[in-house]
Structures are given as C-alpha cells and as structure tokens.
Amino acid sequence: MLPRTRSYVLALTAAVAVVALIAAPRVRADSAWPGPDAYTGASGDSANWVLPAHDYSGNRYIAKSDIGPDNVAKLTKVWSTKVDARGPLETSPIVWNGTMYVTSSHNDVYALDAKTGAVKWHFPYKPHVIAFSANRGVAIGDGKVYEATLDGHLIALNAQTGKPVWNVVAAHDTTNTFFTMQPVPYKTMLILGASNGDWGGVGYISAFDAKTGARIWDWKTIPGPGEPGHSSWSGDSWKRGGGAVWSGVAIDPASDTLYVDAGNPQPDFLGTIRKGSNLYTNSMVALDISGAKPTVKWYHQFIPHDTHDWDPAMPPVLFDATVGGASRKLVAAGDKGGNFWVLDAGTGSVVYHVAVSTQKGQNTEPDRAGDIACPNTNGGVEFNGGSYMPETNAFYVPSVDQCGLWKSQGTASYIAGQFYLGGGFPSLYGPSTGYMQAIDMATGKFVWRKHLAFPQIGGALSMSTGVVFTGGVNGDFTAYDAKTGSVLWHYPTNMTIQAPPSSYALDGKQYVAIAAGPAGVNFADPRFGKGAPTLEGTYKTPPTAMITAFSLP
Amino acid sequence: MRRLSHVSIVALAAFAVAVRAPAAAAVDDHAHAIAALADVRATIGEIVHIEDGNAVGHGAYLRAAHRALNALVGRRDDGYVPSFGDPGDRIGALGHIDIMLDVEGTSRWTPALEGAKANALAAAENLQTATGEREMEDYQADLTHALANLALVIGRASQDGVFGGISGALANTELGVPLGATSVSGCGLPARTPAYGVVSGMLAYVALPRASASSGLPQDLSIARVVVRGNDVVLYTSAAADAASACRAPHHRREAMRRRREHTARILAVAGGTTLPPLFTAKQAHAGAAVYAAACIQCHGADLQGSAGPSVAGNDFLTTAKTNHWHVSDLRTTVVENMPFSDPGSLTPTQYANVLAFLLASNCYPSGTTPFPTTDRPTYASLPLGPHAAPSGVAPRAKTGTCPVK
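Protein chains in written order, with our numbering: chain A, 1 to 553; chain B, 1 to 406.
A hint or two may mislead.
[As the list claims (entries may be wrong)] Distance ranges between label pairs, derived from CB positions:
1. A:Ala369 - B:Asp78: 17 to 25 Å
2. A:Arg368 - B:Val226: 56 to 64 Å
3. A:Asp371 - B:Gly59: 22 to 30 Å
4. B:Gln140 - A:Val168: 51 to 59 Å
5. B:Gly45 - A:Pro228: 25 to 33 Å
6. A:Gly224 - B:Ala181: 34 to 42 Å
It should be emphasised that the hints constitute simulated quantities derived from the structure, not laboratory data. A virtual CB, placed ideally from N, CA and C, is assigned to each residue, including glycine.
Working from the sequences, and respecting the hints, build out all of it.
Okay, structure coming up:
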C-alpha cells in the first residue's frame, strides 16, 4: 500500500463497516427492495448495483473484487441477451438481488435473470421521438422500477411484473423536452434532469415523489429576471437559453449536496444573439437540496459563452484524493471541449485542468463561411465519464479525438420540436480517434495515455485490484492494467459500445456487464458496422443490441 | 380517328382536373387578422415605449426602430434584422396581411386589407428611414409619421371600406368569424347561439346566449345596435344596414348560400386535415427516394418511422406536425439547414429539393406538374402540415400511414 493513500483507505474501511452494519439486514432479505439505506450504503455493496454509477459518489469503482490483473485474461462470456435494436444502447444496468434491469433506446424495459440473462419480463413502449432515441437506464426502489421516457413521461412499473403502476407527464413542454437521464432515487424522491438544450427549451432538474410521481421541486438552470446570474444574458436570449441536464448527478448525502452539470447554451452555434457568459450553461452547480427548494452553494462555469456545443457531458464524480500530501474532497468533471476538470468539492475552485483531446480554434465563433475547431461536437469527454481508483490515486477517463467544421447561419428561428442551433451540427473534419488515459491526482499529470483508433465513450469501471474496464465505438470491451495501461483482456462485441460497464456478484461469483448496440446518430463510423437498411427495408448488416455478462470460469 | 382523338383530349383534361387540388391553401384568415393586429400593436408599443421612456444613447433609439420594423414586416422581409429582437411573431403584420390577400378573387374584406397594406408599407418605410437617422429631431418625425400610418392600418371598426383597416374588416365582414364558429345567413336569425350572421360576405350580427354575452364578446367587434331576444342577445354591426338591403335584393339567397358553402369548405379543410396544393413532381419524389436511401435512412429508417432519429412521415410525423404547427417552410428549413445530421448542407440544392419531394409524397401529399423549387417560397410559411386524406388512387400503409413513392 502506498503511504499517500493510507489515510483515505482507513477512512473508507471505517465508513464501509458502519454502512454494512446498517444496510446488511435489508440487503440480504430477498423480498426487500432497496431503500435510502441501501442507496447510501451502495459504495460498500459489491453484490448489487443500485444507483446509475454504482453509488452516490458517481464513481464506478468496486472495492471488493475477485477480478484482478493476474486473472482478467480468463474472463469469458456467460450470457448475451438481445434487446430492441432501434437505436444505440446507453443503459447502465441496475442489479438487485439477482435481477438486472436494462432499457433500450426507445424505452423498452427488461428484467433479466442476472445469472443466465433470461428475460423475466419485458415492458414495450412506443414513444414519439423528438430528435435522438436514447435512454440511460432505470431506478429501482419500493417494489417499483422507474423510467423517464423520450415523450416526456415518468413511469413506475411493478418491479416483479413489469406492469405500469403510475405514469405522469414530467416534462413541462413535451414539444421540445424529453428524458434520457436515468432517474436517481434519493430519500423519498426521484431526481431527474430534462433534455431540451438543443431544441429551444430552458434546462431544469426536478424532484418527484417516488410514491406518486408528483412534482416536488424544479430548479431551472437559466436564471430569470431578478435572479443572480441573469445579467449574463443579453436581452431576452435567456428565454431559450438551453442548459439541459442530460447526464447523471453525484450526491453527498451527509450535506444534502447535489452536484449537477448544466449543458450548452442555445442557439448552440450563434453566440451573437446571446452576449454574455450565459450562466449556468456549461457549469457544474452544487445545490443544497435539504430544503423545500434547491439553493446554489457554488457554481463553476467550464466554458463561458460556448458556441460549439461543448457541454460538460461527463457525470460528476465525488472522491477523496491525496493532493500535496493531504486528503482533499474533490469532484471531477469533463466536457466535450476536451477538458478534464478536478474541482474542490466544497468550494468549486479548480484543482486540476487537463486537456484530454486535441484543442484548436476554440475561441473563434462559427461564421457563415465555416471554421474548423477541435474537438468535434461529439468529441472530448463524453456522457459516461471516468472513474477514480484510491489504490493508485489516479483518475481513469476515456476521450474522443475529432475535429469539426462548423458553420453558423447568422440567424436562428425557433420551430417547436426542431433543433434551435443557429447553424448545422459540424461535419467531421479529419481523423476520428480516441484516448484512454490515467491522470495522477497528486500532480494532475498523465500516468499513462493510450491513443486508440476509435472514439472512446464507454466510461470507465475501476476495481481495487488494479483493473480498469472501458468500451470503444468499434465494440471492443477492454480491460487495462491500472498502473501501466497495458491491455490485459479484450472482447469484440461487434457492435458499438456507448454504455458504461457495471459489476455485480451472485453466489460468490463476480460478473461484469456491458450493453452494446447500433451506432446511433452520433457515432456512426464508416470503418465499422454500417448497419443501414436499404429502402426495401433489408439490411446489409442487421442491427443488433445486446447485454452481455462476463465472469471468471 | 379524329373523333377518337377528341375523346382522348377530353379524357386527359378531365384527368388533369381530377388530380388538381384546390388552388388556395386552407388557412384560417380570421386568426391571421387577429395576429396581424397583435403585430401592429407590438410595433406601436415599441414606438410608444421609446418615445415615453428615458432611453439614453443613439443605439437604444435605433434598436427600437429596428424592433418595431421587425414586428411589422416579419422575418422573411429584407428589412428584418434578427439581432435586435422581435416583439411580434415570425410572420409579421405585413406577412399576415399578404396571406389574407393571397386568395383567388376578391372578398368583402379585400378593400379594407388593401388599405391596411398600403398604410403598413408606408409605416415600414418611415421606420426603415428612422433606423438610419443621425438627428433626434428627424428620428422623431419619422416615428410620428409611422404612428399616423399605423393608426390607419388598425383602422376603424365602424367602417368596412378602405378606411376600415384590419379592425373594420374584422368588425364588418366574414373575416370576423373565427375558425370553427357557426355561421348562418344574416338575413334571418339563428336557431341556436352563438352564431355569426353573414350576408354577401358582410358580418350583419353576432348572436350570443345572454349568459355568455359579457365574457364571450368577439374581439374587435363594433356594435351598432343591441337586441335582446329571449335568452339571446343579438349584437348588430355597422354593416347590418347594408346587409339588410342585400337581403332584400333578389340574388341574396343564392349569394348567401355560395358564401356559406365556401366558408364551410374552408373550415372542413382545416378541421379535417390539411390539403396542400401540388408542390412537387412524381419524378422528383422518385429521385428523392435515392437521396433518402443514401443520406437519411441510417437514422430515420427504411419505413421512415425513425430509429436513432425521429419519424419523418406517416401518422406519428403528421400528428406531431399538427401539434407543433409545422408548415412546409419549417420542414424545408430543418432539412436544408440541419440535415444530414452529421454533415449539414452537404447535399446539392437539387438533392435537397428531391428529398423534400420524397418526404411530401411519403406523407401522402399530391404531386403535380411544377417541381419543388431549390429556393424557399414565402407561401410555404402559410401551408400547414398535418393529418389529411391521401390523394385518390394512393393507399397509405395501414401500419405507419406513409404513402408508397413509385
């Protein structure tokens, strides 16, 4: 054990012991569903995966693992289950007491036997799609499975049968707002952000009563007249200012602090009609959610007045790391502009800022003639983010390396239910590659960095034994040596990986699961799996979407 | 032989008539009139606000003139400068007036709206001049002229001629009848209320149940006489006297019937779905299918019902189009400016026109002899998309509601 991590590990062990005492009886009872205790104790639970990124810290890290650098090469596929393939799979599986709950891009929900992959029940859904089909998974609690949908609904299903219990319209304006985010259960609430930031809406994050679906509060990401930050918008541009809440959140239950990222401003590529820094777009905001309404503790804006749709897509990760010989409470973020950020979790001040993708032409606003800037809109750090491993005091984060050609139209008109961009999305300019990297949290410098042939957006899962898993858009699911970056194992899914890996244990055996499916709108790559149908409806390569689980023999 | 060829020419002509859709698009003129008034009032609001306020600096005054001009002319006009903002809607007062005037033949409201248009154009010129002024005195003179002209655009509810303006047309002609409201012959009294009495395009009265007479009064009505009749109140307009003499004229019944039939057809066309005029050729739609297969199919699917992206034809698309009030212009803008998603603007103008023809054909709109153009047309902003009946001889697919393109 490295001396610099000792204090952290001791603290962690103590915390896990306390949590285990509280949570153990509930976790073991087969009939029980996870509640607030199981959620807060999730960081010490290696058998289940009850929250989107394992626990409230947002850190996909497994403290107790049987899979390590010495045996990961023996990892083999245990089962694969096909799901609806009408779009990319972005689901983060929820695993509870031997059942895995996953979603498809069009909001179908599946309950699978986590040991065999057999479908226990399937809830089909046919939403109207505004722009992109994608869903990041369900929440579980109180005998229910919760899903937020592409047509702006929040639905509770009976977790044992898959039959709807309640169904509410949770979006304020269903013409321009939909949901992709995985609802996060907290106390008696479900926390959910709205995706409307490229369609002329104003972003918000809401809390709903998990029993009834009734709205408890909304927090809007764009300050209105009279609110602090309003003067960062010229004229009435704030009214369609964007700032969607796409990604996951991190929560510090001890202080009731919610860490949330607000997305890019709108119109995306036309800054001249929204002069100013455009708060709280492209910002991390720490919200106190102990009261009736959230209040802002601090915020940090990563890219003021963004004109390239470079929102902080990576879900926040809360962690304690050793910086300058002392343990500090930190929160990590990453944006599509190719920046990886580490902030002080108590104040929002910047501790580290590391460029993890090629950066060029970032301060030039797109014009009618067009200009090249890097990364591309889907570049940088993407929506599955990274993971911190205390044993190495390093942060593992994949990234996308692309450049784009942007053109602004000089005007932007709002058409309900259509993009509100002031230009088109950029065209890929030059190569499309990716990186997997480890960043030392003692120094903010790279420990190792791998340049890969394909964009890496699958997120990272780290294990205390020293293995890190991630997936690329070419479908390779890979395990790296956390210390050296050597590839220890890989498995070709032959689909596109845009979902994060997860881990669980059943009857003493540890499993790693990953979802892979069609490329979708953003990551179609001519070098790999075209899967486009012909007009007669036949496919050269039929699209497939699969959940696959691996374990040691 | 000769007789045969005559027959075939007649048959061809009959075919041409059969496939030709109504020349004028079904539009809600009443709503356009109300919207035009709102835009004119927004224009006046900007002027009054800057004149009454304590604005400092040259820029604030020029901005007000630009904003007023924007509300008056609408976004498709060259004088429109988006960066100043727009207190009106996207069509603008002049746009709305143009749409109302853009019908075959003349209506009872035509003289009033032509008057309104002439005055609106004069006001637009005053405002355009104001945006270039350097001296406050000149600026204020321009705005004063603009205000005088705008007052005439609004007009007077007591007149239905050229001085009536938009208010006069709304108060005294069938333009005042909202879409979906009951319209009866104004020569008699209605069996049921609420109802609008119309004679030869003139609005003679509005009959309302007494219980709702205080809250249900139509906008911009000029009431010349009030008659209480049982549980109803009949509000006679300034045009009632002219309407009464029209009723005494021998042709009034036939005329009233004709007007009523036209109006009903217009209401049905909108309520039951939209019927677009032919906007493209079948050959174009066929060529567009290849463009779709190469550039769109990956996200929108072979059945046009969407996969990673949304549906672009059929029941789901047309229902959404109706809910979101999409017009042909919105479809065109989205496709030409934002698509293909991964490489916008990468198709040629001809390819864009062809793929739009393919989308319209897949949405069961009729083809014709004029190709879909490679540039925008102002009329597209007034052609709404929504569920509608397929052209005769074309069967939509049962599952999706899309029409095959051959």
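Consistency of the hints with the structure:
no.: 1; hint: A:Ala369 - B:Asp78: 17 to 25 Å; in the structure: 21 Å, holds
no.: 2; hint: A:Arg368 - B:Val226: 56 to 64 Å; in the structure: 59 Å, holds
no.: 3; hint: A:Asp371 - B:Gly59: 22 to 30 Å; in the structure: 28 Å, holds
no.: 4; hint: B:Gln140 - A:Val168: 51 to 59 Å; in the structure: 55 Å, holds
no.: 5; hint: B:Gly45 - A:Pro228: 25 to 33 Å; in the structure: 30 Å, holds
no.: 6; hint: A:Gly224 - B:Ala181: 34 to 42 Å; in the structure: 38 Å, holds
Hint compliance for this structure: no hint is broken.
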